[in-house]
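Q: Residue numbers (my numbering), protein chains in the order written: chain A, 2 to 347; chain B, 2 to 347; chain C, 2 to 347; chain D, 2 to 347.
Honestly, the hints are just simulated from the structure, not real lab data. You may find that some hints are simply not true.
Said to hold, decoys possible - To give a feel for the contact side, a few chain D residues facing chain B, derived at Cβ under 7 Å:
1) Met-2
2) Lys-4
3) Ser-84
4) Thr-87
5) Leu-91
6) Thr-110
7) Trp-114
8) His-116
9) Ala-189
10) Val-191
11) Cys-196
12) Val-198
Every value quoted in this text rests on a predicted model; they were computed, and no experiment measured them. For each residue, glycine too, the CB sits at the ideal point set by N, CA and C.
Number of protein chains: 4
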Amino acid sequence: MVKVGIIGATGYAGNEIIRLLLNHKDVEIKWLVSRSFAGQKFADIYRNYFEVLDMECSGKELSELADSVDVVFTATPQGYLSSVLTNEILEKTKFIDLSADYRIRDVFTYEKWYHIEHKSPELIQKAVYGLCEVNREKIKNTRLLANPGCYTTCSILTAYPLVKEHLIDPDTLIINALSGVSGAGRGAKVANLFCEVNESAKAYGVTTHRHTPEIEEQLSYAYGDPIMINFTPHLVPMNRGILATETATLKEGVTAEDIRNAYNKYYKDEFFVRVLNEGQTPETRFTEGSNFVDVNFQVDERTNRVVMMGALDNLVKGAAGQAVQNMNLMFGFDEAEGLKSVPMVP
Amino acid sequence: MVKVGIIGATGYAGNEIIRLLLNHKDVEIKWLVSRSFAGQKFADIYRNYFEVLDMECSGKELSELADSVDVVFTATPQGYLSSVLTNEILEKTKFIDLSADYRIRDVFTYEKWYHIEHKSPELIQKAVYGLCEVNREKIKNTRLLANPGCYTTCSILTAYPLVKEHLIDPDTLIINALSGVSGAGRGAKVANLFCEVNESAKAYGVTTHRHTPEIEEQLSYAYGDPIMINFTPHLVPMNRGILATETATLKEGVTAEDIRNAYNKYYKDEFFVRVLNEGQTPETRFTEGSNFVDVNFQVDERTNRVVMMGALDNLVKGAAGQAVQNMNLMFGFDEAEGLKSVPMVP
Amino acid sequence: MVKVGIIGATGYAGNEIIRLLLNHKDVEIKWLVSRSFAGQKFADIYRNYFEVLDMECSGKELSELADSVDVVFTATPQGYLSSVLTNEILEKTKFIDLSADYRIRDVFTYEKWYHIEHKSPELIQKAVYGLCEVNREKIKNTRLLANPGCYTTCSILTAYPLVKEHLIDPDTLIINALSGVSGAGRGAKVANLFCEVNESAKAYGVTTHRHTPEIEEQLSYAYGDPIMINFTPHLVPMNRGILATETATLKEGVTAEDIRNAYNKYYKDEFFVRVLNEGQTPETRFTEGSNFVDVNFQVDERTNRVVMMGALDNLVKGAAGQAVQNMNLMFGFDEAEGLKSVPMVP
Amino acid sequence: MVKVGIIGATGYAGNEIIRLLLNHKDVEIKWLVSRSFAGQKFADIYRNYFEVLDMECSGKELSELADSVDVVFTATPQGYLSSVLTNEILEKTKFIDLSADYRIRDVFTYEKWYHIEHKSPELIQKAVYGLCEVNREKIKNTRLLANPGCYTTCSILTAYPLVKEHLIDPDTLIINALSGVSGAGRGAKVANLFCEVNESAKAYGVTTHRHTPEIEEQLSYAYGDPIMINFTPHLVPMNRGILATETATLKEGVTAEDIRNAYNKYYKDEFFVRVLNEGQTPETRFTEGSNFVDVNFQVDERTNRVVMMGALDNLVKGAAGQAVQNMNLMFGFDEAEGLKSVPMVP
């Protein structure tokens, strides 16, 4: 049994990691850390665990806890892990970090978009970006896993085969994305009250959203040259789900068949990426509760553009599910262990 | 492996049976019947099953299919199973019927509330009412299982210990219940369109809802004398969930402690019924996707009444989950096999 | 033009008063007070007023402001008005208080249910309870109007004719009610976040909700003897709306016709109370944005009970709309001035 | 008093026209036509009008009815009006058509995108495209008004000043839009059931949505040269609202100030178009129930693109409200008569 600790357990992502791990046959949860709820029973906060999970939230420091587990999940605010992690701690246990602290290779880019000083830039090079379908082999050997963001997972996987195969002009790539409200976290903010969010839609973080450089960096690796995009996220009134709609101009002579071949080349054998049949558009509900990403595309011959679409559950493939998938890779388990549930509809 | 067939597979309850059975280690689904979608791939209708379940909907008759499976789930309109089931077919395979056809012992009561002529009243006595926590032993030996309704499961389990132990005056029992919209089925009706249901609440079936006699019959068995209640269901804008709020006058001298003892007596060892801690009120979200029923109560000393509350997921414990729980009992499996998922929040 | 000031302008009720008053031909809004947002433009907080209302929120005290207006609306927390109001201020201007401070005649009852010390109990007797359809004549002459609560308005008006005419046994009256989330206010609380409320239903304040004594007091006046009830409120995922479902035993010999006659006797000439046709159940959506209350009932001959139902918009007839209706009465305007909008569907 | 008839009165747009006209001081509704509900009381279908509007739905033909009114609103399926309208009828009364029948100048384009044969192409040239802020003078003199689509009104008004002033490269214009579910109409379709739409988001009509040529035609007039765009609509779980997010490359040297100046040039004096302050993004809730369009933009200096955003209520400015605004222009009323309500929040 792999021994697991979770820091930031009472956020929506932390809670989701626990839900998934309780379904995992090779894992034992050793402790849960939550500063806000230290000393409280976890099942009193998330009553879905009533009589299921009998653990208290701890307020202990990472340094006291690292020895006791094989892997730590950190579902914590930006800047937390980078301010407490050291090489010494990293030798004791592995880390799967759901924050952005180690996702971006260039520390200046991180600091510019996040407005935070990075406290352990020397560790960034040890981190592997945990987009399983792209970095599988590297993930298997890392001790510090930077788990991708929700928007980024969806945005990158939707465009990846076309970018990698140079089927689109990357300078024309425009990404619009919709998110359910759980992506905004469980903090007590007026902006996320039911009556402020329900029955409304809005764009936010326009031209400034922090997932932009993360998407750009990964798509640049795929393309082989730097890519710059416009990424516009939107909030829509649902609990879960990310939907990415991406438009780009096709390179000369590229056909719909070429595009389908590219998707199949990269995803045919991927359990968690489902390339839908022609004419089917991804809907977030068909991924809800699961680790699937559904993708598809439509070519517009009038404008010589392709519209790519991707859907996933932001708390699963966009956070906790991918984190568990990464854990499976890092510990040599079946990659889908604990993640085989069918999406729940309706 | 138990071989299973499902009739009415494309309704919300049918779909949910499949979701749960795919998570069950001892079951093999042999066929799916759907009149409306005969010949279509199931995964084209419920795209959550894309690349997960590769089966077509069949339009075949029960008589052609009964031989091939150990158990048939019928998630069909009222009157279907009673019009096709015979003793001969019942010898070939077991049935778990999610309709009301065999729930009510007295055929006249059935016909009066359902406005349907019962076509096989002689089979009613062979049926066992599948409220697992109450009828467990009988369920193990039946071939014809009448799976309880969603409102009824919630309403009965919430009041059962107090009725059974004669702690309340049953003539004063008033049941109000709320339901998510999936309880209304997947038929194309204007009344269930998003814009007709969203942002609104209403009572319906006032004094005439068909679950009334079912609740009355079961609570009468528990009490030992006939009970008549008022049951008022309401539709509220959410996908899933039943919440029952039940009020009754306490018999003389009954205390909150007596009530808690009664709940514990019947439910302490029940995996799927969770008696919450004092002061916690059940919320449907904490049962979503799971087979749990959460119950609790509050005594009002001013009025000498008790307010009992119960919450469950109408598609799981209120339909498909309880059906699988019944199947587990009927085939000697662990009663919770395939049903151990933690509720999904948010 | 009547000059109006609003204290607590940035809560949902305050905002709704402004929306309605902007539609009123005889009113001029002089100032808006909001402690939390003092110095900010109102239209920056509620952007529905962008280019419509060019006013800043003030942080001034009531004593500085009372001189300048004919009437003050206080949409403030419990205890605010009673702690600042004096006879002297009350001579300067009239008050329409949307809090509970002056709703309950007996100060001990207030303090017991609200857990607040009442700072001006001597003013309670000057207040008139502003349920327009019941207290119309008294309202016309008061300077201190206690505007009823949302649940109470709905609960009382639904039962009033039957209680007043002694058609039901008041000891058997059970009230269950559902509320949209705006009733919980605009405070930044985790419990009211979208993801905590959406896709769920729960009872709360069971046996202890503060609207209980208010309903009891008013129904007692109507009946002529003290009445004690059980009132159980529920939160459901919608922005607006109250739905009350009330059950009571009929007195001997009372028929459905008697009940309909009673409703007609009290409400036939009431513009804002609509007694629906036989068989129609009230739905909150059909009152949304309007000052209407829709009521109806169903007799259950099996149990000799009546189920009464009422629906309204908690922010309009349940708060701001009734406040404006009261203002109209207090200043001799057409009672429906500013309140004639048709409910908005969907 | 202008006498009005409405055909297609029981759809969501028809119902909204009635709601607005009941608030209009110079209008008298003479008849309502609804094929599906002929002979039924309108207030029995939309119970918001209970005791407010006492009219029956008629099943009569246009030819019998045209004489009796000054203007007919047709909120009917595509192809209806073009199949019954003649020059003779057009001499008797004016028409405001909410369908697309007369919106597109080129009949071949209409037939290609709508897959319908146009039955009165000779009348197209008599029609004026009713985007009030753009075609105000022409609208005043027409007898046949083609009321714009919901997506198109939002998409065009959001981009219009930048296109008209040649601030963006029109070949780079990408439009993504979100719609509430009322845009899909009131037909009894499984796809629009609450449980199919709630808690999900999807793109639809990708590269083929019928509003595409309408947007292109109007923006081409503004630009002076043909424009071809990608328009991708999405369905999100809310009753009302359109949100358009539009991205385009800036022409050389264009600054944020140039863009703001352009918006102000065209919209400063427009009552219904609100150019928000810098940094504010449009939210559909702040337009709900009103005829406002909220627009704003953000320049991305990294990519030299502008992101334009627009929000409106699809049933008001996107349908019925703009229709009434057009009526006001056609009959010489104050353009905002009946349309001054403040948006309702929450």
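Q: Quick check on the hint: Thr-87(D) CB to chain B CB, less than 7 Å?
A: With Cβ-Cβ at 33 Å, over 7 Å, it is violated.
Q: Hold the hint about Trp-114(D) up to the distance rule: shortest CB distance to chain B must be less than 7 Å.
A: Cβ of Trp-114(D) sits 26 Å from chain B, so the hint is violated.
Q: Using 7 Å as the Cβ threshold, decide whether Val-191(D) counts as touching chain B.
A: With a minimum Cβ separation of about 5 Å from chain B (threshold 7 Å), the hint on Val-191(D) holds.
Q: If you take the shortest Cβ to Cβ gap from Leu-91(D) to chain B, is it below 7 Å?
A: Nearest chain B Cβ about 33 Å off; hint violated.
Q: Grab the minimum C-beta distance from Cys-196(D) to chain B and call the hint holds if it beats 7 Å, violated otherwise.
A: Check passed: Cβ of Cys-196(D) comes within 5 Å of chain B, closer than 7 Å.
Q: Does the nearest C-beta of chain B fall within a distance shorter than 7 Å of the C-beta of Thr-110(D)?
A: Given a least distance of 31 Å, the restraint on Thr-110(D) is violated.
Q: Should the interface hint for Val-198(D) be scored as holding, given a Cβ-Cβ cut-off of 7 Å against chain B?
A: holds, 4 Å
Q: Holds or violated: is there a CB of chain B closer than 7 Å to the CB of Ser-84(D)?
A: Result: violated, 25 Å to nearest chain B Cβ.
Q: Using Cβ atoms only, decide whether His-116(D) comes closer than 7 Å to chain B, and label the hint accordingly.
A: Given a least distance of 22 Å, the restraint on His-116(D) is violated.
Q: Just to be careful: measuring from the Cβ of Met-2(D) to every Cβ in chain B, is the smallest value less than 7 Å?
A: For Met-2(D), the interface hint is violated, since the closest Cβ of chain B sits about 32 Å away, which is over 7 Å.
Q: Does the CB of Ala-189(D) sit less than 7 Å away from some CB of chain B?
A: holds, 5 Å
Q: Just to be careful: measuring from the Cβ of Lys-4(D) to every Cβ in chain B, is the smallest value less than 7 Å?
A: violated, 30 Å
The structure fails to meet hints 1, 2, 3, 4, 5, 6, 7, 8 from the earlier list, while all remaining hints are met.
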